[in-house]
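Colleague: Each chain, written out:
Protein chains: 2
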Amino acid sequence: MIIEPIGIIHAPFKKKEDCPIQSVYASGAEGRVEVFERYAPALKDIEGFSHIYLIYYFDRAGEVKLVRPPFMDDDPHGIFASRHPCRPTGIGLSIVRLKKKDGNILTVEDIDVLDKTPLLDIKPYMPKFDHVENATKGWTDEKEGRPKPEGRE
Amino acid sequence: MIIEPIGIIHAPFKKKEDCPIQSVYASGAEGRVEVFERYAPALKDIEGFSHIYLIYYFDRAGEVKLVRPPFMDDDPHGIFASRHPCRPTGIGLSIVRLKKKDGNILTVEDIDVLDKTPLLDIKPYMPKFDHVENATKGWTDEKEGRPKPEGRE
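Respectively, the protein sequence lines represent chains W and G.
FYI, in numbering that gives the first Met the number 0 the residues of the first sequence are 0 to 152.
FYI, in numbering that gives the first Met the number 0 the residues of the second sequence are 0 to 152.
Each hint should be verified, as a subset may be incorrect.
You can't tell identical chains apart in this list, so a pair holds if it fits in one copy or across any two.
Below 25 Å or equal to it, Euclidean Cα-Cα: the simulated BS3-like pairs (lysine-lysine) are [as the list claims (entries may be wrong)]:
1) K99 with K147
2) K64 with K15
3) K98 with K127
4) K98 with K43
5) K43 with K14
6) K142 with K43
7) K142 with K115
8) K99 with K64
9) K100 with K136
10) K127 with K43
11) K15 with K127
12) K147 with K115
13) K13 with K43
14) K100 with K15
Hints were generated in silico from the structure; no laboratory data involved.
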């Protein structure tokens with residue numbers, strides 16, 4: 000299937016090494032989500048949500064490997080059991096805080112993507128659907144945020 | 000960009016009218032997520048997670064409208080402020096409960112998609128990243144699950 004971006008994410012991170020592993024580790028980094036003008040009406044009422052999902056394309060990801068150590072661990076895990084960027088379809092998912100809407104531009108906080116990342120979709124975070132109680136943590140249990148291991152894709 | 004499915008979601012819902020609005024309203028409906036054989040190694044360690052995201056393609060969605068009443072409301076909202084299937088890039092997102100892994104087949108609960116939906120990605124639900132405290136509910140505040148309004152796409 001052919002999917003065309005609906006916008007571009009502008010973020011302070013120009014290089015992979017600078018990009019946080021996840022939005023919770025982004026320490027409030029501010030980004031601008033530019034939705035192409037023709038899609039601006041689709042943002043109606045989004046300002047009522049404090050958090051939104053950004054679905055985007057990892058356009059600068061490296062080689063896809065089905066099993067590899069993710070950034071948070073030195074042991075290898077399946078790519079579908081991790082959020083690592085080098086995935087078969089290259090689709091990324093982040094939850095960010097929505098600060099402001101200005102026409103076709105959303106200002107967001109806790110952005111964790113590279114500057115100029117192609118945006119594929121925006122969905123509101125709905126506590127009723129998305130807030131899972133008592134979900135287990137798999138291999139991430141007891142793993143903490145850490146700097147990205149050097150020299151590792 | 001060209002995106003090829005990584006698998007197929009098998010679910011008990013053959014018709015749109017039968018399909019729950021969201022996984023929380025799916026009342027435990029069981030589905031089988033078939034990951035194509037060549038991607039089976041990418042499922043390594045996924046069984047440690049109780050919940051996973053399925054990212055898929057709404058292949059039978061109707062006409063895209065940027066503003067429309069979603070199933071949960073009679074007032075129109077922007078498509079990016081709703082989870083409605085008729086979206087510019089047709090990408091869907093559901094959180095389901097992972098019951099079992101059997102080779103390249105995952106058995107899941109609370110499935111809310113049509114049978115034979117093309118699967119684009121699987122990501123583990125990680126409470127540390129995905130469990131947002133005190134997110135606001137926008138227009139969904141005080142809206143409850145309800146049957147899909149008849150005759151409405």
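Colleague: Can you tell me if K99 and K64 fall within 25 Å by alpha carbon in one copy, between copies, both or neither?
Modeller: Between copies, since 23 Å is at most 25 Å while 38 Å is not.
Colleague: Is the C-alpha distance from K100 to K15 at most 25 Å within one copy, between copies, in both cases, or in neither?
Modeller: Neither way: K100 and K15 sit 27 Å apart in one copy and 33 Å across, limit 25 Å.
Colleague: Pop the pair K142 and K115 into one bin, within, between, both or neither, using alpha-carbon distances up to 25 Å.
Modeller: The answer is neither: 30 Å in one copy and 36 Å across copies each exceed 25 Å.
Colleague: With identical chains treated as interchangeable, where does the CA-CA distance between K99 and K147 reach 25 Å or less: within a copy, between copies, both, or neither?
Modeller: neither (30 Å within a copy, 31 Å between copies)
Colleague: Using 25 Å as the alpha-carbon threshold, which applies to K98 and K127: within, between, both, or neither?
Modeller: both (21 Å within a copy, 21 Å between copies)
Colleague: One pair to classify: K15 and K127, alpha carbons no more than 25 Å apart. Within, between, both, or neither?
Modeller: between (34 Å within a copy, 22 Å between copies)
Colleague: One pair to classify: K100 and K136, alpha carbons no more than 25 Å apart. Within, between, both, or neither?
Modeller: between (34 Å within a copy, 16 Å between copies)
Colleague: Given identical chains, is K147 near K115, meaning Cα to Cα at most 25 Å, within a copy, between copies, both, or neither?
Modeller: Result: close within a single copy only, 21 Å intra versus 38 Å inter.
Colleague: Measure nothing new, just compare the shortest in-copy and cross-copy C-alpha distances for K13 and K43 to 25 Å and report within, between, both or neither.
Modeller: neither (30 Å within a copy, 32 Å between copies)
Colleague: How do K43 and K14 come out at 25 Å by Cα distance, when the copy is not named: within, between, both, or neither?
Modeller: Answer is neither: 33 Å inside a copy and 29 Å across each miss the 25 Å cutoff.
Colleague: From the Cα coordinates, with 25 Å as the cut-off, is the pair K98 and K43 best called within, between, both, or neither?
Modeller: Only inside one copy: K98 and K43 sit 15 Å apart there, 37 Å across copies, limit 25 Å.
Colleague: Pop the pair K64 and K15 into one bin, within, between, both or neither, using alpha-carbon distances up to 25 Å.
Modeller: within (18 Å within a copy, 36 Å between copies)
Hints 1, 5, 7, 13 and 14 from the list above are not met by this structure, while the remaining hints are.
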